[in-house]
Amino acid sequence: MAPVRPAPERPVVDVRDVTVRYRVPHERVPTFKEFAIRWMRRRLVYQEFLALSQVSIAIRGGESVGIVGRNGAGKTTLLKVIARVLRPTRGTVTVRGRVAPLLELGAGFDPELSGRENVFLNGALLGRSRREMRERFARIVEFAELEEFIDAPLRTYSTGMVARLGFAVATDVEADVLLLDEVLSVGDFAFQKKSYDRITSFLKSGATFLLVSHSPDVVRELCSRAIWLDGGRVAADGPAGEVIDVFTGSAPAAPDAQAAGAIAGE
Amino acid sequence: MLTSLREIIRYRSLLRALVARELKVRYKRSFFGIAWTMLHPLMMMLVFTLVFAEILKVPVEHFTVFFMSAYLLWNFVAQTTSWSAGGLLGYAPLMRKVYVPKAVFVIATVVAGLVNLVVSLVPLAVLMLVVHHPMRPSLAFLPVSMLLAAVFALGISLLLAPLSILFADIVPIYQIVLTAWLYVTPVMYTVELVPARFRPLVDLNPMTYFVELFRAPIFHGHVPTLSTLGTASAFAFGALVLGWIVFDRYSDRVAYHV
Numbered sequence: 409m410a411p412v413r414p415a416p417e418r419p420v421v422d423v424r425d426v427t428v429r430y431r432v433p434h435e436r437v438p439t440f441k442e443f444a445i446r447w448m449r450r451r452l453v454y455q456e457f458l459a460l461s462q463v464s465i466a467i468r469g470g471e472s473v474g475i476v477g478r479n480g481a482g483k484t485t486l487l488k489v490i491a492r493v494l495r496p497t498r499g500t501v502t503v504r505g506r507v508a509p510l511l512e513l514g515a516g517f518d519p520e521l522s523g524r525e526n527v528f529l530n531g532a533l534l535g536r537s538r539r540e541m542r543e544r545f546a547r548i549v550e551f552a553e554l555e556e557f558i559d560a561p562l563r564t565y566s567t568g569m570v571a572r573l574g575f576a577v578a579t580d581v582e583a584d585v586l587l588l589d590e591v592l593s594v595g596d597f598a599f600q601k602k603s604y605d606r607i608t609s610f611l612k613s614g615a616t617f618l619l620v621s622h623s624p625d626v627v628r629e630l631c632s633r634a635i636w637l638d639g640g641r642v643a644a645d646g647p648a649g650e651v652i653d654v655f656t657g658s659a660p661a662a663p664d665a666q667a668a669g670a671i672a673g674e
Numbered sequence: 193m194l195t196s197l198r199e200i201i202r203y204r205s206l207l208r209a210l211v212a213r214e215l216k217v218r219y220k221r222s223f224f225g226i227a228w229t230m231l232h233p234l235m236m237m238l239v240f241t242l243v244f245a246e247i248l249k250v251p252v253e254h255f256t257v258f259f260m261s262a263y264l265l266w267n268f269v270a271q272t273t274s275w276s277a278g279g280l281l282g283y284a285p286l287m288r289k290v291y292v293p294k295a296v297f298v299i300a301t302v303v304a305g306l307v308n309l310v311v312s313l314v315p316l317a318v319l320m321l322v323v324h325h326p327m328r329p330s331l332a333f334l335p336v337s338m339l340l341a342a343v344f345a346l347g348i349s350l351l352l353a354p355l356s357i358l359f360a361d362i363v364p365i366y367q368i369v370l371t372a373w374l375y376v377t378p379v380m381y382t383v384e385l386v387p388a389r390f391r392p393l394v395d396l397n398p399m400t401y402f403v404e405l406f407r408a409p410i411f412h413g414h415v416p417t418l419s420t421l422g423t424a425s426a427f428a429f430g431a432l433v434l435g436w437i438v439f440d441r442y443s444d445r446v447a448y449h450v
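Residue numbers (the working numbering), protein chains in the order written: chain Z, 409 to 674; chain R, 193 to 450.
Be aware that one or more of the hints could be misleading.
As the list claims (entries may be wrong) - Just the calculated beta-carbon pair ranges, DEER-fashion:
| # | chain 1 | residue 1 | chain 2 | residue 2 | range |
| --- | --- | --- | --- | --- | --- |
| 1 | R | 373 | Z | 622 | 50 to 58 Å |
| 2 | R | 235 | Z | 547 | 47 to 55 Å |
| 3 | Z | 430 | R | 202 | 25 to 33 Å |
| 4 | R | 372 | Z | 547 | 35 to 43 Å |
| 5 | Z | 518 | R | 361 | 47 to 55 Å |
| 6 | R | 335 | Z | 439 | 34 to 42 Å |
| 7 | R | 433 | Z | 598 | 51 to 59 Å |
| 8 | Z | 567 | R | 332 | 55 to 63 Å |
| 9 | R | 397 | Z | 559 | 34 to 42 Å |
| 10 | Z | 612 | R | 335 | 50 to 58 Å |
| 11 | R | 440 | Z | 418 | 25 to 33 Å |
| 12 | R | 441 | Z | 606 | 24 to 32 Å |
| 13 | Z | 538 | R | 235 | 13 to 21 Å |
| 14 | R | 434 | Z | 418 | 32 to 40 Å |
Read the hints as simulated data drawn from the structure, not as lab findings. Ideal placement from N, C-alpha and C gives every residue a C-beta, glycine not left out.
Produce the complete structure using the sequences and hints provided.
Here it is, written out as structure tokens:
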């Protein structure tokens, strides 16, 4: 299933033959003592779980790609591998350019620290310098609409306020590649509109875009291309409209990966 | 290795935040606060001086300074490595959410330990004044000693950190190892007192040389010999390379475990 069109440039995101295999021990073997005893008795039995199986995807600059599939199909695992949170068991992932991962908003947020301190801590975890964060700070707080509460401890915030702050920090960045995992449902209706606008402005600026969503409409609207993952394999890869149609049509029955894969070659 | 290094430099603001947190967490909620860093070695000194100088009669003048000069260095290596052995586990939930070069967590622990070591030089200086132990210009060599010991501690920490995630009982096992390790290191006795048949044990022990790097300029008042310096450097960078290889290979499994 080699792409028919010759790629005009090197892909921005190049996922090659990636397999992610979790080993689930039958019984937990958390200590060295137990591990040694089991090993001596040759009773180390693992159950293997393939989250991704020989997945190859090439995404060119400026493409917006939606990833669809049922629960447990490997969508989030794929984004985690691209974001380098998870190193694949086999295969390679190459990303050219700066990545903005919007997988888990507000990673490392500490409820005891103030909103201000958390902005800097979260920025540090994303690999940004203090100076960069100082320059962006006012804009982040304004976007999150938290000017009055920014020096209060985070534990006094509502869930929505925390999510808004996380979204504001994560998206106030110049990025070449954006990874989104179901984060467009943050905050109230007005804030959702705002975050939607911010995402589309990224699209207009030519950023590359990967989006996991359970909503076919969001993918249809935002993405030009869609990938359907099923059981850790690419079941279909092509224009968003076509893939979504096949995916939604297959929803109740067990999907036939071979047949669906046919459109990938087009 | 070079790209990893560049990446760690990019995450320096995280490194700073982690060091500050390590130091703050360690002393929060304790009545004496930072004073513990100074009190702990002084109390150990009282105990060991009573046992080794008064009861066992180890023939060393100014035993208090003799002991402290080595114990502070020992304590730095022992504490940072055992913190690292258990420390990565606490960051596991974070590491499953966001990509961070994981060595930053270990480096932060070693840097925090280094800050503690410098602070604990204050009670040592007071002690030297009290017992009238001469302070020589050789003290200017201490930064080199501390840096080499930090490289060694970092190497051991990198080696232990991924193990603690694979096996939960590495920390208690390592505590036992540390106790045995302390007694085969010439902290409370001199190398000359060791019987010939046990000498290889002391000579092969890396800590023998790091302890000497600290004791020579403080207690003996001269810079360490070239052979001590060379052996210590070899152990330090050997441990770092070994630790780096193991850490690079296994630390990514964190996301799979726990």
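So, going through the hints one by one against the coordinates:
Between residue 373 (chain R) and residue 622 (chain Z) the beta carbons are some 55 Å apart, a value that agrees with the proposed interval 50 to 58 Å. For the pair residue 235 (chain R) and residue 547 (chain Z), the beta carbons lie near 52 Å from each other, so the given range of 47 to 55 Å is met. Remark: the range hint 25 to 33 Å for residue 430 (chain Z) to residue 202 (chain R) is upheld by a beta-carbon distance near 30 Å. Taking the beta carbon of each, residue 372 (chain R) and residue 547 (chain Z) are about 57 Å apart, not inside 35 to 43 Å as hinted.
Judged by the Cβ atoms, the range 47 to 55 Å given for residue 518 (chain Z) and residue 361 (chain R) is violated: they are separated by roughly 29 Å. For the pair residue 335 (chain R) and residue 439 (chain Z), the supplied restraint of 34 to 42 Å holds, since their beta-carbon distance comes to about 40 Å. The beta-carbon spacing between residue 433 (chain R) and residue 598 (chain Z), approximately 55 Å, falls within the hinted interval of 51 to 59 Å. Range check, residue 567 (chain Z) to residue 332 (chain R): Cβ separation about 56 Å, and the 55 to 63 Å hint holds.
About 52 Å separates the C-beta atoms of residue 397 (chain R) and residue 559 (chain Z), a value inconsistent with the hinted range of 34 to 42 Å. Taken as a hint, the range 50 to 58 Å holds for the pair residue 612 (chain Z) and residue 335 (chain R), whose Cβ atoms sit roughly 54 Å apart. For residue 440 (chain R) paired with residue 418 (chain Z), a C-beta distance near 27 Å keeps the hint of 25 to 33 Å intact. Restraint check, residue 441 (chain R) to residue 606 (chain Z): a C-beta distance of roughly 39 Å breaks the suggested window 24 to 32 Å.
One distance hint, 13 to 21 Å for the beta-carbon pair residue 538 (chain Z) and residue 235 (chain R), is violated here, with the actual separation near 38 Å. Taking 32 to 40 Å as the suggested C-beta distance range, the pair residue 434 (chain R) and residue 418 (chain Z) conforms, at roughly 37 Å.
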